[in-house]
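My request is simple: use the sequences and hints to build the entire structure.
The listed protein sequences derive, respectively, from chains A and B.
All letters in the first sequence, in the order written, are residues 1 to 260 by the working numbering.
All letters in the second sequence, in the order written, are residues 1001 to 1353 by the working numbering.
Hint data in this document are derived by calculation from the structure and do not stem from the laboratory.
Keep in mind that the hints are not guaranteed to be accurate.
Keeping only pairs whose Cα atoms sit at most 30 Å apart, straight-line, the calculated DSS-like set for lysine-lysine is [what the hints assert, rightly or not]:
{"hint": "1", "chain 1": "B", "residue 1": "K1205", "chain 2": "A", "residue 2": "K195"}
{"hint": "2", "chain 1": "A", "residue 1": "K185", "chain 2": "A", "residue 2": "K196"}
{"hint": "3", "chain 1": "B", "residue 1": "K1224", "chain 2": "B", "residue 2": "K1193"}
{"hint": "4", "chain 1": "B", "residue 1": "K1200", "chain 2": "A", "residue 2": "K195"}
{"hint": "5", "chain 1": "B", "residue 1": "K1220", "chain 2": "A", "residue 2": "K195"}
{"hint": "6", "chain 1": "B", "residue 1": "K1201", "chain 2": "A", "residue 2": "K196"}
{"hint": "7", "chain 1": "A", "residue 1": "K234", "chain 2": "A", "residue 2": "K191"}
{"hint": "8", "chain 1": "A", "residue 1": "K191", "chain 2": "B", "residue 2": "K1201"}
{"hint": "9", "chain 1": "B", "residue 1": "K1205", "chain 2": "A", "residue 2": "K196"}
{"hint": "10", "chain 1": "A", "residue 1": "K196", "chain 2": "B", "residue 2": "K1200"}
{"hint": "11", "chain 1": "B", "residue 1": "K1242", "chain 2": "B", "residue 2": "K1230"}
{"hint": "12", "chain 1": "B", "residue 1": "K1297", "chain 2": "B", "residue 2": "K1352"}
{"hint": "13", "chain 1": "B", "residue 1": "K1127", "chain 2": "B", "residue 2": "K1160"}
{"hint": "14", "chain 1": "A", "residue 1": "K191", "chain 2": "A", "residue 2": "K249"}
{"hint": "15", "chain 1": "A", "residue 1": "K191", "chain 2": "A", "residue 2": "K5"}
{"hint": "16", "chain 1": "B", "residue 1": "K1230", "chain 2": "A", "residue 2": "K189"}
{"hint": "17", "chain 1": "A", "residue 1": "K191", "chain 2": "B", "residue 2": "K1205"}
{"hint": "18", "chain 1": "B", "residue 1": "K1200", "chain 2": "A", "residue 2": "K191"}
{"hint": "19", "chain 1": "B", "residue 1": "K1220", "chain 2": "B", "residue 2": "K1127"}
Being a predicted model, the structure only gives us computed values, none of them experimental.
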Amino acid sequence: MAKMKTVQTRPEALIDVTTHYCPGCGHGIIHRLIAEVIDEFEIQDRTVLVAPVGCSVLAYNYLDVDAIEAAHGRAPAVATGIKRANPNLIVFTYQGDGDLAAIGTNEIIHAANRGENFTTIFVNNAIYGMTGGQLAPTTLIDQITTTTPRGRSVGNEGYPIRVCELVSSLITPYYVERVSVSNAKNVRKAKRAIKKAFQFQIEGRGFTLVELLSSCPTNWSIEPVASMKWVDEKMEPFFPLGVYRDRSKEEVDVSAASCK
Amino acid sequence: MGEKQLLAGNEALGEAAIIAGCRHYFGYPITPQNEITAYMARRLPEVDGVFIQSESEIAAINMVLGAGATGHTAMTSSSSPGISLKQEGISYITGDEVPAVVVNVSRGGPGLGNIAPSQSDYFQATKGGGHGDYNIFVLAPHTVQEMADLTITAFDLAEKWRMVSMILADGVLGQMMEPCTFPDSVPERNYPKDWILDGKKGREKRLICSLYLVEGVLEKHNEKLQKKFKKAEKEEIRFEEKDVEGSDILLVGYGTSFRGQIEAKRQLGEFGVKAGLFRPITLWPFPYDRLSEIAEKTKMPALVVEMNAGQMLEDVRMAYERFAPVHFYGRLGGGIPTPEAVTAEVKKILGKG
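Next up, the structure:
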């Protein structure tokens, strides 16, 4: 028998524990990608995770880095305090769609607009997970949730909020990209986006945000494999993948905004 | 000691925070505390500090949490409606056991109220304020000098106990000018920092949290917090008293309302009535035992004077009323009790009108 060769190991920054996430949930994939990036940059010893309220509040059970919980929606404000007080730390918030785009809209917009030098990992699965499947700001039109039992209607709830488009309407943010974890190819792209965001933070460039379209089979009531297809077929058309801002490739002229 | 300066309370507080080592301030505009924010915006860059005008009071208190979590105790200031918004963060910071300093230059409520001085946030400040079973230190200055001195104390208490310290002032104390001197420096605070987030280099990872889902664990966490609060209640009580023996009546007040009582005592003296003075400096922990002692020993009636409908009154009654009667005089919605009104109230109580 040929000798076995190791081609893939658990990242050092990922703790070897049983997952609490549901089968087919995208959080596990995203946690792993972050852990790989932390390993590759060798920043485990100086990284701080700001955990949100939602299913991923327990992200600190999986990532072997210093961590702090934030109140619902306040992760960008907590991250601001951490990074401003100790700029040597690599700081990232991990936030869901309710946390970031509903209760925490104010905090994310203003942290982005100040150009705070941390990274936001924004997981968009179009629903509230931990509380049992309520309407999220990113819930699609006609999508059934416990609080839109007849489907989201434009008349009552308005259109879903596109966070990358919203954040990149600001001048200051440095890097904003939307990716997906729906298949292997997309996962590889997602990893590249996360890596780029951390790279820019390490270089002190400013605010970076990666939105990841992800799945929630339990609350969507869709089988795990079909859920990934749902991400591709339902979510992606409304939430187009791509880079929304990359200041490393553009110059910003501030003269028009100056009173001098 | 530095030279005597003529300063507004809000500025004295700001400079004292800098002297106490505050290098991180986060705040949102609201009257009557705007001078603190402006002062910190001007001063912090001069000492390589960080100033952010946050997007809201909520964001500010959470920035205070973030900075505090790295071992850099931060300050935020606001006034009543803004302090209500900060209560969520204050609850989290307490559960997280992170030091923080919060200033409330309070104003009249409820709701938007007005911008006149008031003491109607006493309950909110001293009984927890946010959700959960907890307390914070509440320090009540009554002069500009004390705005400075107690701010320095607030930083020490916050770090020593890993708790929130609140300065509970009001519009009068924030805006009025009085002479003030600052110490050149403060004693170094070498409290353990084996809990701060500075990267897991050479150690296990650390987690700052207030979430404990496993059955029984949150109860244990609460028991630990309560033990700390009980210990602080024993060790950190501060008060001032004058002529509490051999007097006809005890005047009890704090902050701005106490100032009128000092003058009332003088006026009563001219009238032949001896008044003792008692002023809690820490509203939490509250000096129940000392008040009980005074009541038991002297049996003289007490008059509590506040700029609210009788909030500290409840604490005074708890300590005092089993031994001697407790009376109350208060003004509402920005009214300030004048010495004449206090004097008239005393005469009525003593039947000397």
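Checklist entry - Has the given pair, K1224(B) with K1193(B), been kept, meaning a C-alpha gap of at most 30 Å? => result 18 Å, holds
Checklist entry - If you draw a straight line from the CA of K191(A) to the CA of K1201(B), is it 30 Å or shorter? => result Answer holds: K191(A) to K1201(B) is near 25 Å, not above 30 Å.
Checklist entry - Hey, K191(A) versus K1205(B), does the alpha-carbon distance stay inside 30 Å? => result 24 Å, holds
Item to check | 30 Å Cα cutoff - pair K191(A), K5(A) | outcome: Distance ~24 Å between K191(A) and K5(A) Cα, so the pair holds.
Checklist entry - Is K1230(B) close enough to K189(A), meaning Cα to Cα at most 30 Å? => result 54 Å, violated
Checklist entry - Is the straight-line distance between the alpha-carbon of K1200(B) and that of K191(A) 30 Å or less? => result Roughly 24 Å between the alpha carbons, so the hint for K1200(B) and K191(A) holds.
Checklist entry - Is it true that the CA of K191(A) sits at most 30 Å from the CA of K249(A)? => result 20 Å, holds
Checklist entry - Quick one, are K1220(B) and K1127(B) close enough, alpha carbons at most 30 Å? => result 21 Å, holds
Checklist entry - K1205(B) and K196(A): Cα distance at most 30 Å? => result 25 Å, holds
Item to check | Restraint check for K1242(B) with K1230(B), where alpha carbons must lie at most 30 Å apart | outcome: Answer holds: K1242(B) to K1230(B) is near 27 Å, not above 30 Å.
Next on the checklist: Tell me if the straight-line CA distance from K1205(B) to K195(A) falls inside 30 Å.
Outcome noted: 22 Å, holds
Next on the checklist: Please verify whether K1200(B) and K195(A) have alpha carbons no more than 30 Å apart.
Outcome noted: With Cα atoms ~21 Å apart, K1200(B) and K195(A) stay inside 30 Å; holds.
Violated hints, listed in ascending order, are 5 and 16; each of the other numbered hints is respected by the structure.
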